[in-house]
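Taking this note's numbering, I'd label the letters of the sequence shown as residues 1 to 175.
Accuracy of the hints is not assured; some may be wrong.
To be verified - Quick list of the computed label-pair ranges, beta carbon to beta carbon:
| hint | residue 1 | residue 2 | range |
| --- | --- | --- | --- |
| 1 | T169 | P108 | 16 to 22 Å |
| 2 | D104 | Q163 | 18 to 24 Å |
| 3 | E106 | D73 | 18 to 24 Å |
| 4 | A121 | T51 | 22 to 28 Å |
| 5 | A117 | G68 | 20 to 26 Å |
| 6 | T46 | L165 | 30 to 36 Å |
| 7 | E56 | H99 | 18 to 24 Å |
Rather than coming from a laboratory, the hints here were simulated on the basis of the structure. None of these values were measured; they are calculated from a predicted model. Idealized CB from N, CA, C, for every residue including glycine.
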Amino acid sequence: MKTSRPLPLLIATTAIAVATVPLAGCGSAFDLLEAAASGGPADTETRDAETGEIVEGGTTDVFTIRVGDCLNDPTTDGEVYEVTTVPCGEPHDYEVYHHAELADGEYPADLDEQADALCMAAFADFVGVPFEESMLGFTYYTPTVQSWVQGGDRAVDCLVYDQALTTGTLAGTAR
1 MKTSRPLPLL IATTAIAVAT VPLAGCGSAF DLLEAAASGG PADTETRDAE
51 TGEIVEGGTT DVFTIRVGDC LNDPTTDGEV YEVTTVPCGE PHDYEVYHHA
101 ELADGEYPAD LDEQADALCM AAFADFVGVP FEESMLGFTY YTPTVQSWVQ
151 GGDRAVDCLV YDQALTTGTL AGTAR
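Build the full structure now, drawing on both the sequences and the hints.
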């Protein structure tokens, strides 16, 4: 059975970072948010200067993942601060296929439903067949309450996956 389960909440916020990560020598909580918004110190992947594609894998801050990035082993329990990215030509677990920004306002009570609808709507355009006809699944990263309120985070990133490791893109595979 395939599902469109969300990866539990993605973005580190000041309050959570202060509560769960030792900060000795790391600067203020404001510095952490500023660093994350600017690509932060976590980014170790190498991108092609012209295309922006990852040419050498590494650790990537969740604020800086892009459509077309391929990821290995994203955390599916708790909040995600960084992910392991690889060139899509190497075996990988997930590929980012859509990015959306939610409207400003109060943190949505129906965030999962909104993210699910956004990712479902973009799925067929990326894969080449509707989700209901596909052998592939999708999941997504969404803001936490804290990142929404304190960091202005509105990002939803949709990830497509196969049951086995994938080599290459899943774009247009019609699977």
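So, going through the hints one by one against the coordinates:
Between T169 and P108 the C-beta distance comes to about 31 Å, which lies outside the given range of 16 to 22 Å. Range check, D104 to Q163: Cβ separation about 37 Å, and the 18 to 24 Å hint is violated. For the hinted restraint 18 to 24 Å between E106 and D73, the CB-CB distance of approximately 33 Å leaves it violated. A121 and T51 have their C-beta atoms about 26 Å apart, which keeps the hinted 22 to 28 Å range intact.
Restraint check, A117 to G68: a C-beta distance of roughly 22 Å satisfies the suggested window 20 to 26 Å. At about 21 Å, the CB distance of T46 to L165 disagrees with the hint of 30 to 36 Å. At about 22 Å, the beta-carbon gap between E56 and H99 stays in the expected band of 18 to 24 Å.
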